[in-house]
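Residue numbers (full-length UniProt numbering), protein chains in the order written: chain A, 1 to 522; chain B, 1 to 522.
Treat each hint with caution, since some may be false.
Unchecked claim - What the simulated footprint calls covered on chain A by chain B, stretch by stretch (three residues with Cβ under 8 Å from a Cβ of chain B suffice, anywhere in the stretch; the number is not a length):
1. 240-252
2. 278-284
3. 419-428
4. 436-446
Derived from the structure by calculation, the hints contain no laboratory data. Where is the CB? At the ideal position from N, CA and C, for every residue including glycine.
2 protein chains.
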Amino acid sequence: MAAVAAAMRWRLLLVMGAAVLGTSGTPQPPNILLLLMDDMGWGDLGVYGEPSRETPNLDRMAAEGMLFSNFYTANPLCSPSRAALLTGRLPIRNGFYTTNAQARNAYTPQEIVGGIPDTELLLPELLKGAGYVSKIVGKWHLGHRPRFHPLKHGFDEWFGSPNCHFGPYDNRARPNIPVYRDWEMVGRFYEEFPINQKTGEANLTQIYLQEALDFIKRQQAAQHPFFLYWAIDATHAPVYASKPFLGTSQRGRYGDAVREIDDSVGKILNLLRDLKVAENTFVFFTSDNGAALISAPKEGGSNGPFLCGKQTTFEGGMREPAIVWWPGRIPAGQVSHQLGSIMDLFTTSLSLAGLEPPGDRVIDGLDLLPAMLQGQLMERPIFYYRGNTLMAVTLGQYKAHFWTWTNSWEEFRQGVDFCPGQNVSGVTTHTQEEHTKLPLIFHLGRDPGERYPLSFASTEYLNVLGRITPVVQQHQEALVPGQPQLNVCNQAVMNWAPPGCEKLGKCLTPPESVPVKCSWPH
Amino acid sequence: MAAVAAAMRWRLLLVMGAAVLGTSGTPQPPNILLLLMDDMGWGDLGVYGEPSRETPNLDRMAAEGMLFSNFYTANPLCSPSRAALLTGRLPIRNGFYTTNAQARNAYTPQEIVGGIPDTELLLPELLKGAGYVSKIVGKWHLGHRPRFHPLKHGFDEWFGSPNCHFGPYDNRARPNIPVYRDWEMVGRFYEEFPINQKTGEANLTQIYLQEALDFIKRQQAAQHPFFLYWAIDATHAPVYASKPFLGTSQRGRYGDAVREIDDSVGKILNLLRDLKVAENTFVFFTSDNGAALISAPKEGGSNGPFLCGKQTTFEGGMREPAIVWWPGRIPAGQVSHQLGSIMDLFTTSLSLAGLEPPGDRVIDGLDLLPAMLQGQLMERPIFYYRGNTLMAVTLGQYKAHFWTWTNSWEEFRQGVDFCPGQNVSGVTTHTQEEHTKLPLIFHLGRDPGERYPLSFASTEYLNVLGRITPVVQQHQEALVPGQPQLNVCNQAVMNWAPPGCEKLGKCLTPPESVPVKCSWPH
Chain A
1 MAAVAAAMRW
11 RLLLVMGAAV
21 LGTSGTPQPP
31 NILLLLMDDM
41 GWGDLGVYGE
51 PSRETPNLDR
61 MAAEGMLFSN
71 FYTANPLCSP
81 SRAALLTGRL
91 PIRNGFYTTN
101 AQARNAYTPQ
111 EIVGGIPDTE
121 LLLPELLKGA
131 GYVSKIVGKW
141 HLGHRPRFHP
151 LKHGFDEWFG
161 SPNCHFGPYD
171 NRARPNIPVY
181 RDWEMVGRFY
191 EEFPINQKTG
201 EANLTQIYLQ
211 EALDFIKRQQ
221 AAQHPFFLYW
231 AIDATHAPVY
241 ASKPFLGTSQ
251 RGRYGDAVRE
261 IDDSVGKILN
271 LLRDLKVAEN
281 TFVFFTSDNG
291 AALISAPKEG
301 GSNGPFLCGK
311 QTTFEGGMRE
321 PAIVWWPGRI
331 PAGQVSHQLG
341 SIMDLFTTSL
351 SLAGLEPPGD
361 RVIDGLDLLP
371 AMLQGQLMER
381 PIFYYRGNTL
391 MAVTLGQYKA
401 HFWTWTNSWE
411 EFRQGVDFCP
421 GQNVSGVTTH
431 TQEEHTKLPL
441 IFHLGRDPGE
451 RYPLSFASTE
461 YLNVLGRITP
471 VVQQHQEALV
481 PGQPQLNVCN
491 QAVMNWAPPG
501 CEKLGKCLTP
511 PESVPVKCSW
521 PH
Chain B
1 MAAVAAAMRW
11 RLLLVMGAAV
21 LGTSGTPQPP
31 NILLLLMDDM
41 GWGDLGVYGE
51 PSRETPNLDR
61 MAAEGMLFSN
71 FYTANPLCSP
81 SRAALLTGRL
91 PIRNGFYTTN
101 AQARNAYTPQ
111 EIVGGIPDTE
121 LLLPELLKGA
131 GYVSKIVGKW
141 HLGHRPRFHP
151 LKHGFDEWFG
161 SPNCHFGPYD
171 NRARPNIPVY
181 RDWEMVGRFY
191 EEFPINQKTG
201 EANLTQIYLQ
211 EALDFIKRQQ
221 AAQHPFFLYW
231 AIDATHAPVY
241 ASKPFLGTSQ
251 RGRYGDAVRE
261 IDDSVGKILN
271 LLRDLKVAEN
281 TFVFFTSDNG
291 AALISAPKEG
301 GSNGPFLCGK
311 QTTFEGGMRE
321 PAIVWWPGRI
331 PAGQVSHQLG
341 SIMDLFTTSL
351 SLAGLEPPGD
361 RVIDGLDLLP
371 AMLQGQLMER
381 PIFYYRGNTL
391 MAVTLGQYKA
401 HFWTWTNSWE
411 EFRQGVDFCP
421 GQNVSGVTTH
431 TQEEHTKLPL
441 IFHLGRDPGE
451 RYPLSFASTE
461 YLNVLGRITP
471 VVQQHQEALV
481 PGQPQLNVCN
491 QAVMNWAPPG
501 CEKLGKCLTP
511 PESVPVKCSW
521 PH
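Use the sequences and the hints to build the structure in full.
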């Protein structure tokens, strides 16, 4: 049945002109290249208005492709948003959340016990059904214990790390993060893979670039359709760049990292052109969450005109840069106002491969091909969660906040500020404010900065509430939360002795196993 | 001598390929078209990152021309910035300021006694020397008493109004603002030229568009080089649009106005193409000051990632959208990081005409042609004044604030907020805070939102201070302020009986003359 459905979808794509013939004359599905940035903000690209305009390659990508101005991640934090991308499902469904405290952001630090459940079907697993070879370059962040390894979840190759490049650690209280090639560790950050925190120098983006170029060349030579998930992290603090880029940006070190990424994207797209596979490669560029304003200005980016940043469910935390490029297929120079989600990359990729999404579970991602190829607009809600709490929803131009919160007064007074320089009374609150009965509603077209809630007494408010309420009710009534994966921490599960450590002589001894409830302060 | 200098500059422009031959075979200087917006913000165009992306014609203008990301007005308010544009001089020199109270923004309401002094040389006066025919369409705002009439200051034609389109008034305590054709009033706003404040409907942009198209056609037919100053005001509250545009924007009424302007700019550029004069017409698009956030979200625009808006000397008040378009002369798709000023349009226009700026006075505007034609970068300061007070200066990437102020606590507590949703501690102050000894310094590349002052103790701070101090000292020591024009108000000088009122039967009787000090609250 699945094969029949795939064949039918293929005929559809052929009719739409979206499939090409391979050299053998048989139709070959397009290669899929997802370029996922880390903590890059909506306002960080020239084409999104960054004043220094230092991203000529990404700006060109947009000019040759389609830019989304209303594209969202699924969570304002890295791990859950990446889990959502690869499963097409909200973190509340795929388990990437916590119930330890209400509305807390949780992710996968080294001590996390959980990770991506085996029951979840990941994009590379499914793409195998259409003959794809898949590689992840960079940050996995879906759990680091052996059962969560990306090669156990559909990827054929991996070069990168299971966690963030925080450190350096002393390898006693906390091990340095390992870097893997496929099944085995080949070194650790700050050791075999140096990052100079003082100067910001690291060659990692260059290494990740070479991994991408090499993979593309090999798959092209082998005539395999490929899925490359390029999940690099130079724009996540500690921000880094290689020597030729350090000090070249008008924006400081963060800008240096962006410039190196921009240059790398240019080289990847050029390779696709040189190999003459550009017209058979679907490339999508986006980010995992908004810019980390707590690291600004030296190591954090820009969310443009939007409110707050990473960790929050304001637009600055969840609206992302998003560009799709597929020369000859997607018309050049277009802007789409489609409300898009990082989870749509799952469904859209399956559609490109001629595959149906799994029918045995709820999939939140939409197939965006009608928006991309025919400029269609589909009405759909965007849900903004923090942990187990539905904070807000956007429907059309309207966003309703059911809860507002930035972080606690205690944290804020210690200098942890998710909204530096911004303060919207009653909105950027430091206590968890409930508005579930009468949500704060904003019109994002007139008020993208979420500064002017609609008057509760206005006809507009009542009309919008009447449209949003049933959408939210339906969502909440049908919701079956997944088993929360981010509740339990244990020092013993950290990266003490990843596979391959023996060959390198770099195995460390884990401490006694003491499971504890993870503490998630925000 | 002037003719010799002009001829020499002509030879230079010919060498640079920037001059063309007229049909008669004699070199004809390029037409000059300045499109000046009213209260439009840096972030209001798609190409500057406005999320709704509703300005396809302006975005195309930028793609075909050069975009400036660091372009400034000379004052965060309309009259002084317009006086600066047309004189090439800071308001503190040309008299468009007040000394009634420190650091107060002043402009030209109906009761103002002053206006542009006869001693000032305006751009259209000077362009006559190179054979230009000049027209102003829209808002003059350089004084409304007879001596200040634009046709007494070099313009050959006028269609528009001397003041803002505030109203409607009762013609007893305050007359409605007149609309002039050349020397005479042809009606008043809200009477012959209706603006429906409830619906926002007005045909004014269409009328101003037709005036522009008609003028261009006539001058082209007559083979006159022309200067057209298209100073329209649909984006100034009360914001308006014509019926076909009302309700069409995702951004509400303000966006409707922007869409109509964008459409009009497209029609103007198309006419230039159709008439085959595009390659001999220099077109510059900018705005008089930042978006008026006090009118947001329904009637105010966006300053993108910048701090505060109109009336302030933060970036949101003074950094402007700026696009230059001159097909075949200025390379397409360029971005210039040159620090530019609205006053540069004076000097650049003279340069285009082969004229020297007046040598008997200080001119603040630079000739931007080297930046536009050859991509050169020239170091120069940008001075930010409020009234008689130098509030800040930008040099390179660094901005130093000598005074900070938004508005008084009293006003703020009454709801007048120039920085809605924004609050930078110690920066967006409601008392006039002096920092002349130790200015607050920001790096605008790393921190375009002016959120993170450099540490006073840092080497960077000390180095920058050492560079900025002599520039400011030199400026202040050499400064000879002009006679302040905006100190005295008098109800008797309002637009009671403009020339032509007899023919229309619309002369009103002025009250007794009672000169008073104008009150400038901000």
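Given as covered by chain B, does the segment 278-284 of chain A meet the bar of three residues or more with CB within less than 8 Å?
The restraint on the segment 278-284 of chain A is violated, since only 0 of its residues have a Cβ under 8 Å from chain B and three are required.
Within the assertion that chain B covers the segment 436-446 of chain A, do at least three residues meet a Cβ-to-Cβ distance smaller than 8 Å?
holds (count 4)
Cut-off 8 Å, C-beta pairs, minimum 3 residues; does the coverage of the segment 240-252 of chain A by chain B stand?
Coverage by chain B holds here, the residue count being 4 at a Cβ distance below 8 Å.
Given coverage of the segment 419-428 of chain A by chain B, tested with a Cβ cutoff of 8 Å and a minimum of 3 residues:
holds (count 5)
When the structure is compared with the earlier hints, a violation turns up for hint 2 alone.
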